[in-house]
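Q: In order, the protein sequence lines correspond to chains W and U.
Mind the numbering: the first sequence is residues 187 to 299 in the numbering used here, read in order.
Mind the numbering: the second sequence is residues 26 to 144 in the numbering used here, read in order.
Treat the hints with caution; some may be incorrect.
[Claimed, not checked] Partial pick of chain W residues on the chain U-facing surface, computed with a CB cut under 10 Å: (1) Y218; (2) K228; (3) R229; (4) R237; (5) F275; (6) A277; (7) N283; (8) G290; (9) A291.
Note that these hints are calculated values from the structure, not bench results.
Even glycine gets a Cβ: it sits at the ideal position worked out from N, Cα and C.
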Amino acid sequence: GENVEQHPSTLSVQEGDSAVIKCTYSDSASNYFPWYKQELGKRPQLIIDIRSNVGEKKDQRIAVTLNKTAKHFSLHITETQPEDSAVYFCAASIRSNDYKLSFGAGTTVTVRA
Amino acid sequence: GAVVSQHPSWVICKSGTSVKIECRSLDFQATTMFWYRQFPKQSLMLMATSNEGSKATYEQGVEKDKFLINHASLTLSTLTVTSAHPEDSSFYICSARSSSTSGRAYEQYFGPGTRLTVT
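Given only the sequences and the hints, what does the whole structure look like? Please build it.
A: This is the structure in structure tokens:
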């Protein structure tokens with residue numbers, strides 16, 4: 187099955203700096219890559235996603251890049267703010283597999299004021 | 026739009042009893058619903074996939090006789106933890122995928138989760 191690896195496991199940044207989280211996946215058939223933000227005790231919130239026919243997508247301070255050849259994708263958060271502090275998960279899924287999500291292990295992001 | 030609810034939000038039960046958790050898509054019809062378990066400081070682990078009117082598909086290592094899933098309609102799936110033990114204590118989260126043939130059929134909408142504590 188799909189294996190998604192996520193790095194780093196923790197990330198501490200100064201407010202205003204950028205944060206980058208990287209994920210790799212194993213199944214070349216994966217074609218949908220969402221990123222979720224989860225606060226303690228809450229549901230995962232979709233913050234951005236990308237499909238395999240696109241190399242990059244941006245939404246205000248958040249961007250995702252996808253390299254299908256290398257099978258890796260990254261989340262970029264610019265101008266970080268304290269409210270960006272949370273756990274972030276990457277995931278990968280395949281249309282032919284009911285779009286079942288395989289999650290990375292998560293990255294705990296702390297933005298220092 | 027695309028709201029998923031779960032009930033209850035938290036439950037405490039005694040070892041050996043059964044607990045049922047409901048997952049509802051409130052404003053859309055869900056072709057497929059998924060059940061996840063999340064232990065503290067860990068990632069979401071998929072337990073099973075359920076499609077309306079058919080048997081759930083369980084992930085490797087998940088006991089189907091212990092975690093009973095029923096997807097009776099396009100808006101409701103239930104997870105019953107049978108003969109619960111303390112090691113079943115966890116955060117259980119469901120998600121739903123729309124049956125719409127247009128739009129973002131690949132997106133999963135998550136419920137708020139159910140915190141289960143087995144004493």
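Q: For a quick check of understanding: which of the numbered hints are violated here, in increasing order?
A: none
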